[in-house]
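Each residue of the sequence shown is one higher than the one before, starting from 1 at the first, in my numbering.
Simulated from the structure, these hints should not be mistaken for laboratory data.
A hint or two may mislead.
[To be verified] Capping the alpha-carbon separation at 25 Å, the derived lysine-lysine pairs in DSS-like fashion look like this:
no., residue 1, residue 2
1, K247, K140
2, K263, K247
3, K315, K183
4, K172, K140
5, K229, K169
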Amino acid sequence: MKKLALLFIIALLALPSVFAQGEKEASGPKSYTVNVASAFAPEGPIHDVIVNFKNQVEKETNGRVKVVIHASGSLGGEREIVEGLSAGTIEMGAQGIMDLTLYAPQFTVFEEPFVIRDLDHLNKFWNTIGVDLNNQAGEKTGIITAGYAIRGARMITANSPIKSSADFKGLKFRLPSLPVRIKVFEAMGAIPTVVDFPEVYMALKTGTIDAQENPPETIYSYKYYEAQKYLILSRHVWSTARYQMSKKWFDTLTVEDQALFTKAWADASAKVRAAVPDPDSVYIKKLQEAGMTIIEPNMDEFRRLAEPVMAGFDKSMWLPGLRQQIMAL
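Can you build the whole structure from these sequences, using the hints too?
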């Protein structure tokens, strides 16, 4: 009788843990919020990728995972986004190549003047050599690159026509603080002037700078056409947006959620690239309609002037032979 009583007591003591386990199983995977810090404006194909990602994740998890988008650098510029991703304080981000500029400059050659020829070449790069470069860079940065979108070719805006290097002479030309870009435009005869991106519009309006370069989508979104008359189709650099995840945060997830996010970024990126394969053509037309005059410059001359500068950086900055390998694709 005593033995039966003891077994009964043990069974009673075990009941709370059984119920707790049942509650745990019933509750399922945990719910949480993911923040996506974007350096880009909340419109256009670049932002559409993030919206598609959000919709797919929230749909496939039945709302268990909520995605919050912070656009236009509201959580910081590209540097702050990259530093947050690397440290694990930001879960996901959308930016250009700031992670490479900060931590792996030997890989940045693909986004320098006259390396990528055209749209087909850009996509070929990102689906071959670019995959390996992202993986190698991720080992240094602690950042996983999960997708990309085409920002477009960087083109020049100015208040005077630029058809040859002679037209650059004396122009105060806004550039980001990138040594290769600065040296290339110096070789063309311009006066490189470093201005932070948020200040470019006002610098154009006030005449602090005479010209600048950005993809047509950026030129349109930030209304540079209000301050500049000419759009010069130089296509000297092809830019991409990259969609990234913090490895430090990613490693805390279940295998299922890791697969969910990885696939959602790939799907969202591919969907937008298929829908808008050439964003430049869309925005060049918009800029024409806004009153800009389109100019086709002498690109052979620009390439010839840039080549000695690029060859110097082959030796001092980039991985040996990488530029030639990319150009041969």
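Hint by hint, here is what the structure shows:
no. : hint        : verdict
1   : K247 / K140 : 11 Å, holds
2   : K263 / K247 : 16 Å, holds
3   : K315 / K183 : 15 Å, holds
4   : K172 / K140 : 36 Å, violated
5   : K229 / K169 : 18 Å, holds
Checked against the numbered hints given earlier, the structure breaks only hint 4 and satisfies all the rest.
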